[in-house]
Amino acid sequence: MLIKICGVTTPEMAQKVAASGVDYIGLLFTKHSPRQINMDTAKLIIDSIKDYPTQVVGVFFDETPTQIAQIDAELGLDVIQLHGDLPRSGVNDFTHKPIIYVADENNLPEVLNPAKDFILYEDITPKSTEFRYFIAGGIDKDNVTALIDKHSPHGIDLSSGVEIERGKKDFNKIREFLAVVKPSYYGAFGGMFVPELLIDPIKNLISAYKNIVLSDEFHAEFIDLLNNYVGRPTALTHVKNFAHAIGLENVYLKREDLTHTGAHKINNALGQCLLAKKIGKTRIIAETGAGQHGVATATACAMLGLECVVYMGQVDAERQAPNVAKMRLLGAKVIPVTDGSATLKDAVNEALRDWASSYEATHYCLGTALGPYPFPQICAHFQSVIGKEAKVQFAKQSGGVPDVVIACVGGGSNAIGIFQEFLSDENIKLVGVEAGGIGDKVGENAARFQSGRLGVLHGNKTYVLQSDDGQIADTHSISAGLDYAAVGPWHADLFAIKRASYDVCSDSEALAAFQLLTRTEGIIPALESSHALGYLMRIAKDLPKNTKVLVNLSGRGDKDLPALLAKGVLDVTN
Amino acid sequence: MLRINQAFKDKAKVAYLTAGDGGINKSAEYFLALADSSVNLLEVGIPYSDPVADGPVIQAAMERSLLSGTTVDSSLEVVKKIREKNKDVAIIIFTYYNPIHHHLYDFLNKAKESGADGILVVDLPYEESGNYHHYCKSLGLSPITVIAPSTSAERMKDILANLNTGFVYYACQKGTTGARTGLPDDLPVQIANIRKVTNLPIAVGFGVANSTMVKEILNIADGCVVGSYLVKKLEDEITPEELKVSAQELFTI
Chain A
1 MLIKICGVTT PEMAQKVAAS GVDYIGLLFT KHSPRQINMD TAKLIIDSIK
51 DYPTQVVGVF FDETPTQIAQ IDAELGLDVI QLHGDLPRSG VNDFTHKPII
101 YVADENNLPE VLNPAKDFIL YEDITPKSTE FRYFIAGGID KDNVTALIDK
151 HSPHGIDLSS GVEIERGKKD FNKIREFLAV VKPSYYGAFG GMFVPELLID
201 PIKNLISAYK NIVLSDEFHA EFIDLLNNYV GRPTALTHVK NFAHAIGLEN
251 VYLKREDLTH TGAHKINNAL GQCLLAKKIG KTRIIAETGA GQHGVATATA
301 CAMLGLECVV YMGQVDAERQ APNVAKMRLL GAKVIPVTDG SATLKDAVNE
351 ALRDWASSYE ATHYCLGTAL GPYPFPQICA HFQSVIGKEA KVQFAKQSGG
401 VPDVVIACVG GGSNAIGIFQ EFLSDENIKL VGVEAGGIGD KVGENAARFQ
451 SGRLGVLHGN KTYVLQSDDG QIADTHSISA GLDYAAVGPW HADLFAIKRA
501 SYDVCSDSEA LAAFQLLTRT EGIIPALESS HALGYLMRIA KDLPKNTKVL
551 VNLSGRGDKD LPALLAKGVL DVTN
Chain B
575 MLRINQAFKD KAKVAYLTAG DGGINKSAEY FLALADSSVN LLEVGIPYSD
625 PVADGPVIQA AMERSLLSGT TVDSSLEVVK KIREKNKDVA IIIFTYYNPI
675 HHHLYDFLNK AKESGADGIL VVDLPYEESG NYHHYCKSLG LSPITVIAPS
725 TSAERMKDIL ANLNTGFVYY ACQKGTTGAR TGLPDDLPVQ IANIRKVTNL
775 PIAVGFGVAN STMVKEILNI ADGCVVGSYL VKKLEDEITP EELKVSAQEL
825 FTI
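Top line first, the protein sequences correspond to chains A and B. Number 499 in our numbering belongs to position 499 of the first sequence; there are no gaps in the numbering. Converting from the second sequence to our numbering requires adding 574 to each position, the first position being numbered 1.
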C-alpha cells in the first residue's frame with residue numbers, strides 16, 4: 001500500500017515522515033489552503049528528505065499550467081498532482097513525468113499513461129481501469145481498513161485525518177495511522193519477507209500472539225513463571241565504585257545477569273515456549289549466538305516438557321563451549337552449523353530451513369527482536385518486563401527518571417526490552433551500542449548503523465551489513481551475541497526517526513569494561529553487556545558528573561571465561 | 575512472455591541451474607546444452623550468500639558461484655549469452671530479494687534487456703511486493719508466483735486474482751529445495767485447487783529427481799521443474815554434453 005501525506009509544511013515533519021517510510025509527500029502552493037508553503041520552505045523540505053526514497057508531489061488546485069511548470073522547474077518535483085480544472089487543463093504539458101490525476105465525473109484524458117501515472121479518487125467511487133489509484137477524502141486510522149476492503153486501492157492519500165488542528169500535521173497521528181495500514185512494520189522497517197511456504201505458519205503465529213499472548217490469562221501465567229521460576233524482578237544496582245572509577249556518580253545497572261540462566265534471554269524463551277505449548281507444538285527449534293538464548297530455550301523446554309533443537313554456528317560453539325555443554329545437559333540437541341561464517345547468521349538460516357519443513361509441530365523460538373513479523377514484536381513484548389521493572393526501581397532508588405539509558409545491541413532484544421518503557425519521554429536519551437570489533441572496515445565489526453545499508457535479511461527489512469552487490473557481509477565481534485549482520489527493525493526505526501542513537505564499542509573497550517566492573521563491583525558482566533559499559537566508560541568524561549545513567553546489564557560473563565582465559569586477555573596473575 | 579506461453583503449449587520442461595556455477599562462460603554453455611535437450615524453459619538462479627529457501631545442493635552451488643566472483647550483473651551476463659545463441663528458449667530469473675531490492679526497477683529493466691522473460695523472487699511474498707508487479711508489467715516481464723502446500727485456498731485466490739501472465743510455480747513439498755524420493759499424495763488435489771482460481775499454466779517443482787516423478791507431474795500439471803538433481807551433477811565438473819544427455823533422459827516422457 002502506497003502512502004501519501006498531503007500538505008506537509010515543515011522540513012522537520014517531512015524528515016520524520018520520510019524516515020517513517022511514507023512513499024509520497026504532497027506540497028501545496030495555493031493561497032486558499034491552510035497548508036500553503038512558499039518556495040523557500042519547499043526547497044528546505046525537499047532538501048530534508050533527499051536521502052530517503054520518499055517522492056515529492058506538487059499538488060496543484062488553481063495554478064495555471066505555466067505556473068506549475070515554473071514551480072516544477074525551480075523545485076524538480078518527482079510527481080505532479082493535477083487537482084482543479086485549471087491545472088488539469090495542462091495535463092498534456094506534463095507527460096514527461098509521473099502525474100497523479102484527480103478524477104472527476106468526466107472520462108480520463110487519453111494522454112495519461114498507466115505505466116507511470118496514478119488516478120486519485122477523492123470522495124468518489126473508483127472506477128475499474130488499468131491505472132493504479134489512490135483514494136482520498138477524510139481518511140483516518142479508524143475508517144481506513146473498511147475503505148481499503150471496499151475499494152482495494154493501490155494508495156491512500158492522507159491529510160486532515162493525521163492533523164491535530166486544521167493544517168497542522170501530527171507525527172503521532174501519522175504513526176498511529178501507519179501502524180493500522182502496515183501492522184507488520186516499524187515505520188519503514190520490518191515486514192515479512194519469507195518464502196510463500198512460511199506465510200501461513202507466520203499468519204498463524206500472528207493470531208496466536210494477538211489471541212493468546214495478549215490475553216490476561218496468558219499474561220498472569222507468564223508473570224507467575226517470571227516471578228517464581230526466573231527470579232524476577234531482577235535487582236537494580238547502584239554501582240558507585242564503577243561510577244567513581246569513570247568519573248560519574250549515578251550509574252545504575254539493571255541486573256538481567258541475575259535471572260535464572262544468567263541473561264535476559266530467558267524472558268523471551270520462556271514466553272515463546274509457553275505460547276508454543278498452548279498452540280499444540282511439541283518441538284522447539286532455536287538459533288543461538290552466545291549460547292544464552294540456546295540455554296534459555298533448552299531450560300524452558302526441559303521445564304515445559306518440549307523437545308528442543310538448537311542451531312549454533314561452529315565458531316560460536318567453540319568460543320562458548322560451556323553453554324553448549326549446558327544445553328546438552330538440559331536435554332537439547334545442539335547442531336553446529338558450518339556453513340558461511342559459521343556464526344549466528346548461519347544458525348538462523350538453518351533454523352529457518354528446519355522450520356520450513358517442520359512448522360506443523362514445531363515452533364521456531366527466535367531469540368531476538370528481529371526476523372519476519374511477528375517475531376520482533378513477540379520478543380519485544382516478552383522483554384518489555386525489563387524496562388517496566390527498571391523504571392519503577394529507578395524512581396524508587398534515585399527519585400526520578402534516568403537521563404540516559406544504554407544497552408548493547410546485537411539483534412536488539414535486551415535494548416528494546418529496556419527502551420520501550422522510556423520511549424514516550426523524549427527527554428530521556430536512549431543509546432544502543434553495537435560491536436565495533438577491531439576496526440571500521442566491513443568484516444571487522446558488526447556496526448550496522450555505521451556502515452550497513454537498507455536491506456532484507458532473515459525476513460525483515462532493516463540495516464544490513466552487505467557488499468555493494470547485496471551479499472551479506474561477514475562480521476566480527478569478540479562477543480558472539482553481537483556478531484550479526486542485521487539489526488532488529490524497531491531499532492532501525494528508532495534510529496531513522498532519531499528517537500534513539502547508536503554508537504559502537506570496540507573489542508578492547510569491551511574487555512576493559514569487563515574487567516573494571518568485575519574488579520570494582522564484583523559483578524562479572526557478559527561480553528555483550530560489556531559493550532554498553534565500555535561505551536559509557538568512553539563517553540563518561542563528556543557527561544556532567546551527576547548524570548543519571550541506566551545500563552541494561554543483559555547477562556553474566558561466566559560463559560565467556562574459558563575463551564577469554566585461553567586467549568590470555570584477562571589479568572589473573574594476582 | 576510469449577516464449578513462456580510457447581514453453582507451456584505442449585508441456586514445459588523447466589531446468590534450474592545457478593548462474594556462474596562453473597564460471598560465467600561455462601555456465602552459459604550448461605544452460606545452452608539444457609536448451610538443446612527437451613528443456614524449453616530455463617531458470618537462471620542468481621547466487622546469494624544466505625539462500626534460506628534452498629537445500630544443501632543449491633547452497634553449495636551458490637557458494638561455488640560466489641567464490642568464483644559471480645555478481646548480479648554477471649548473472650545477467652549469463653542470461654544474455656544464452657539469449658544471443660538461443661532466441662526461442664524461455665528464460666526466467668530466480669533470485670532472493672536482497673541482491674536486487676536496492677535498485678529494483680533498474681534490475682528488472684536490465685533483466686528484460688538481457689533477454690529474460692520472467693522473474694521469480696523467492697522471498698518477496700505478495701504482501702511485500704509493493705511496486706514489483708507494476709514494474710514487471712510495465713517492462714513486459716512475467717512475475718512468476720509461487721504457491722506452496724501451506725497456501726490457503728483464500729490466499730491462493732487473492733494472490734492469483736490479478737495475474738494474467740507467466741505461470742504458477744507450485745513448490746509441492748515442505749522444506750527446502752533438494753532431491754526427494756517421491757511426490758506428495760496431495761499433489762492432484764492441490765493442482766485442482768489452483769486450477770479453480772486461475773487459468774495460468776502450472777509448473778510443479780521441489781524435489782523432482784527422476785523421470786518417473788517427471789512423468790507423474792506432467793500427467794497432471796503443465797510443467798515440471800528440476801533443480802537440485804541437475805545442479806548436483808555440476809559438482810563433478812560434468813561436460814555440457816553430458817548434462818544435456820542427463821536432462822534428455824530425465825525429461826523423456
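Hints in this document: simulated from the structure, not taken from any laboratory. Any given hint could turn out to be false.
[Claimed, not checked] Computed from the model, here is a short list of chain B residues facing chain A with C-beta under 7 Å:
no., residue
1, 673
2, 694
3, 697
4, 699
Backbone N, C-alpha and C define an ideal beta-carbon position, used for all residues, glycine too.
Hint-by-hint comparison with the structure:
1. Checking residue 673 of chain B against chain A by beta carbon gives a least distance of about 3 Å; that is within 7 Å, so the hint holds.
2. At its closest, the beta carbon of residue 694 of chain B sits 11 Å from a beta carbon of chain A; the interface hint therefore is violated under the 7 Å criterion.
3. This hint holds: residue 697 of chain B has a C-beta 5 Å from the nearest C-beta of chain A, less than the 7 Å allowed.
4. Here the hint on residue 699 of chain B is kept, as its CB sits about 5 Å from the closest CB of chain A, short of 7 Å.
This entry does not satisfy hint 2, going by the numbered hints stated previously; all others are met.
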